[in-house]
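Undergrad: So the protein sequences, as listed, match chains A and B. The opening position of the first sequence corresponds to residue 17 in my numbering, with each subsequent residue numbered one higher. The opening position of the second sequence corresponds to residue 990 in my numbering, with each subsequent residue numbered one higher.
Note that these hints are calculated values from the structure, not bench results. Fair warning: this is a prediction, and the values are worked out from it, not measured in the lab. One thing to keep in mind: the hints can contain errors.
Claimed, not checked - In silico DSBU-like pairs for lysine-lysine, Cα to Cα no more than 30 Å straight-line:
{"no.": "1", "chain 1": "A", "residue 1": "K291", "chain 2": "A", "residue 2": "K219"}
{"no.": "2", "chain 1": "B", "residue 1": "K1119", "chain 2": "A", "residue 2": "K393"}
{"no.": "3", "chain 1": "A", "residue 1": "K484", "chain 2": "B", "residue 2": "K1260"}
{"no.": "4", "chain 1": "A", "residue 1": "K465", "chain 2": "B", "residue 2": "K1053"}
{"no.": "5", "chain 1": "B", "residue 1": "K1330", "chain 2": "A", "residue 2": "K484"}
{"no.": "6", "chain 1": "B", "residue 1": "K1330", "chain 2": "A", "residue 2": "K479"}
{"no.": "7", "chain 1": "A", "residue 1": "K256", "chain 2": "A", "residue 2": "K154"}
{"no.": "8", "chain 1": "A", "residue 1": "K479", "chain 2": "B", "residue 2": "K1053"}
{"no.": "9", "chain 1": "B", "residue 1": "K1260", "chain 2": "A", "residue 2": "K479"}
{"no.": "10", "chain 1": "B", "residue 1": "K1239", "chain 2": "A", "residue 2": "K479"}
To be verified - Okay, the calculated beta carbon distance ranges per label pair:
{"no.": "11", "chain 1": "B", "residue 1": "G1098", "chain 2": "A", "residue 2": "F569", "range": "55 to 63 Å"}
{"no.": "12", "chain 1": "B", "residue 1": "T1217", "chain 2": "A", "residue 2": "S205", "range": "34 to 42 Å"}
{"no.": "13", "chain 1": "B", "residue 1": "N992", "chain 2": "A", "residue 2": "V40", "range": "40 to 48 Å"}
{"no.": "14", "chain 1": "A", "residue 1": "V40", "chain 2": "B", "residue 2": "P1114", "range": "41 to 49 Å"}
All C-beta atoms in this analysis are idealised placements derived from N, C-alpha and C, irrespective of residue type, glycine included.
Below, each chain spelled out in residue letters.
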Amino acid sequence: MSLAVPGLKVGLSRDDLMMRAGVVVLAGVLLVMVGLPLWALLAKGFEDRDGKFIGLANYVSYFSTPALFQSALNSLQVASVTTVIVVPLAFVYAYALTRTVLPMRWLFQGISLIPIFAPSLLPGIALIYLFGTQGFFKALLGDGSIYGIDGIVIAQVFYCFPHATLILTTALATADARLYEAADVLGASRRRVFFTVTLPGAKYGLISAALVVFTLVMTDFGIAKVIGGNFNVLATDVYKKVIGQQDFSMGAVVGMVLLAPAALAFLVDRLVQRKQVALLTARAVPLVPRPKFARDLFFTLFCLLVSAAILAILGMAIWGSLIKYWPYNLGLTLDNYDFAKFDSNGWDSYWNSVRMALGAAVFGTVLMFTGAWLNEKTRGFGMMRGVVQLLAFLPMAVPGLVLGLGYIFFFNAPNNPLNFLYATMGILVLNTVAHFYTVGHLTATTALKQIDPEFEAVSASLKVPIWKTFVRVTAPICLPAILDIAIYLFVNAMTTVSSVIFLYAPDTKLASVAAVNIEEAGTTAAAAALCVVIVLTSAAVKAAHLIADRFLFARLQVWRRR
Amino acid sequence: MTNYLEVRNLSKRFGDFSALGDVSLDVVEGEFVCFLGPSGCGKTTLLRAIAGLDPQTSGTIRQKGRDVSALPPAQRDFGIVFQSYALFPNLTVAANVGYGLVNRRQNRGAIAKRVTELLALVGLPDAGPKYPAQLSGGQQQRVALARALATSPGLLLLDEPLSALDARVRLRLRHEIKALQRTLGVTTIMVTHDQEEALTMADRIVVMNHGAIEQVGMPQEIYRRPATAFVADFVGSMNFLAGTLMAPDKVRVAGVDFACPVQDGLAPGQKVSLCIRPEDVRVRDLPADISNRVPVEVAELDFVGAFCRAILRARASADVAVTADFSSNLIRDLGVDIGTKLDIALPPDRLRVFA
């Protein structure tokens, strides 16, 4: 009811005051975590190396340097090609999962998610083992090389596949059986049903999947770093400018160039999603596919093929990590897991990752859920809530590298009172939570919107403070969503490379970053080993979540049973 | 009789849209008042303004002499029941009912005793340890009622409490809520779009339309003497015959003059509607000199169960049609069927005239 004409000055209850104070604090926190670092980045692009304002000079020099401009074109090319490959592949896979009768559906679904648990450099490393200079199948490539656009695209397909599949599975799962029955009764051919019912129903999912994949590829750093060879893309340029040449201003400019397509894709997606109306009304009858031998056989074979490819890449990384000396001595060993031999941090970087992921999961979940609740349930105060909403959505449009760069400029500024955070575990946690803020915020908001909007009115009439209802009722009801957010944060914190690569200190180095460093130093096997440890950890946490969800929480949530 | 609630010049606007326009209303202590009207008429807006949930744009509300106009809901004295029940799904029925009591630093024993008492009051003495999802809709609504009454509020607000229930449960709960309200004597305001609900439950009905009050009155008054054409149409069924006011007590419809009660507010020559309820149309034993006699032919006859609804076309002018309710007896006795020719009379004391 934000349109209400102001007139009467309404008194504020203690609840209102508390909630408003909470929203102000939240806005402040998000400003520090998201707004100000991005502002610092923007400002940096207009400065020379000594910090003097030079207007657009950096941008002019960027666009007049052919090598740099070529990277932008390369990024666009890789992103487009990957999107064109991944989206149809994921669509068929999602179609198989939702619209056909697959044997062991859950297994195929699970396998399709595997890449989410891996840092993006894992597929790059696996491809090096398979097709690199000393790869198993090098001969198949003839004169070609896996280093470059081909390698990047193959690895990106692996990396982006689960994201597209998840979106398209959701889009295809929400089908109304009555539409299909109506089409059948009217005598429409299967082809016609597909083009007039199935495809339009999944239209928004397809657009969304394409934009997500495009953005992921544009902004990913790990794959291009490992297997890009001399094929430069925007993400590697930022890294080279900042880490290699210490040219922060130019790094900021490349970051802004990287931000543009990601932000654009995000805006398009928001506009498209707004047009989407609920396809599934309360009355809809869910579609349950019936067995059909030829169709099911075809899709089962397709899923087997795709799953085999995913498992092959993962398996190659695991095998590679266990081999003594590729490709000359294929005997097995655990030596590559003795990380102290390859990196001064040894296993510490792994434990740093676990600590960071736990910190991000706990701090992030509390912040995101409480924040979403404050923003959703505060009466009035529209302006401030709008600011929070904007800051909560912003991270989705900002590539990790760009956000990380902004963090350097903002937190490392000598006059910033928060400077003490620089080079601590705290800044890694803060950055990771900020980077993944939007999805958590959306998950929490969706869960909150699904519960009865009158709970707060009831507790006000019963004179129970609103925070008490939050603790006793709202949060317990939303427990599944809260856990989803925590797991999402943990897994992403374990695997992320891009946003934290600028922010670690020697004693806070993370496993994913260590993997990049070790790979850079040429010890592919140890890098693979570190990636495998990360995959196992995040997959184990996800598995524990599923098991707990099935057995433990079912007992905690007796009240859901009828 | 003291006014428990005084609403004065209440307005609420959303942008250019006026949801409530200058509404004033008094509610007497212990009274059961229904806000009745079509969706979008402002009845829920008025209720939420009284609760402080969506404050008014201007105007004042006094509750028991205290100006509560600018107070947030937590500082007002009311219990509320919503159409969705808004029961806390993760708490037991007992915890739901005791939710507002726990905060008042009463000891456990006293709370448990009060909860038991309230559950007995709403007829669910054994529901305490269950969760809301294990109860039927009607039972859930009773729990919601017990929870709203737990803290003994001075004012009970019911926002379409029966609309989500099926017809049979709705009928039973109507009587139970009314009986409970009478026993406790708590001042109650209920919002509903169901005229039958309002007519059976309310001491007084406030009929609303387009953000304004059309009429306030006791159920019989509203039904018998609707103040406006809107009320006449919205509450019960009503025939509207287009005509012209010829004299203060004469309306001409299709060239025929009808005697009607004396109209003070209307000028002769004005276009008016002559109104009569279907059950007030007379057919049997018409005296020879009865006024407002009309020869008609039965055009349609719809069987509705307890009675038949007939559409009668005037034989003199096919444009004029009157709907009348005929009992099964009457149909049998007079041999009424489609095409039957009859004489009817529109008793002047049952006629209403609206501009």
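Undergrad: Measure nothing beyond the straight line between the CA atoms of K1330 (chain B) and K484 (chain A); if it is 30 Å or shorter, mark the hint as holding.
TA: violated (72 Å)
Undergrad: When you check the alpha-carbon spacing of K256 (chain A) and K154 (chain A), does it fall within 30 Å?
TA: At roughly 29 Å apart (the allowed maximum being 30 Å), K154 (chain A) and K256 (chain A) satisfy the hint.
Undergrad: Tell me if the straight-line CA distance from K1239 (chain B) to K479 (chain A) falls inside 30 Å.
TA: violated (59 Å)
Undergrad: Sort out whether K1260 (chain B) lies within 30 Å of K484 (chain A), counting only the CA atoms.
TA: Violated - the C-alpha atoms of K1260 (chain B) and K484 (chain A) are around 61 Å apart, more than 30 Å.
Undergrad: Given the proposed pairing of K479 (chain A) with K1053 (chain B), does the C-alpha separation stay at or below 30 Å?
TA: Given pair K479 (chain A), K1053 (chain B) holds - Cα atoms ~19 Å apart, limit 30 Å.
Undergrad: Is 55 to 63 Å right for how far apart the beta carbons of G1098 (chain B) and F569 (chain A) are?
TA: Violated: the Cβ-Cβ distance is about 33 Å, outside 55 to 63 Å.
Undergrad: For the pair supplied as a hint, K1119 (chain B) and K393 (chain A), is the alpha-carbon distance within the 30 Å limit?
TA: holds (29 Å)
Undergrad: Regarding the pair K465 (chain A) and K1053 (chain B), is the alpha-carbon distance no greater than 30 Å?
TA: violated (36 Å)
Undergrad: Given the hinted pair K1330 (chain B) and K479 (chain A), is their alpha-carbon gap at most 30 Å?
TA: violated (67 Å)
Undergrad: Does K219 (chain A) sit within 30 Å of K291 (chain A), going by the straight-line distance between their CA atoms?
TA: OK: K291 (chain A) and K219 (chain A) at ~11 Å, within 30 Å.
Undergrad: Quickly compare the C-alpha distance for K1260 (chain B) and K479 (chain A) to 30 Å and report which way the hint goes.
TA: It is violated: about 55 Å lies between the C-alpha atoms, which goes past 30 Å.
Undergrad: Given the hint of 34 to 42 Å, is the C-beta distance from T1217 (chain B) to S205 (chain A) inside that range or not?
TA: violated (59 Å)
This entry does not satisfy hints 3, 4, 5, 6, 9, 10, 11, 12, going by the numbered hints stated previously.
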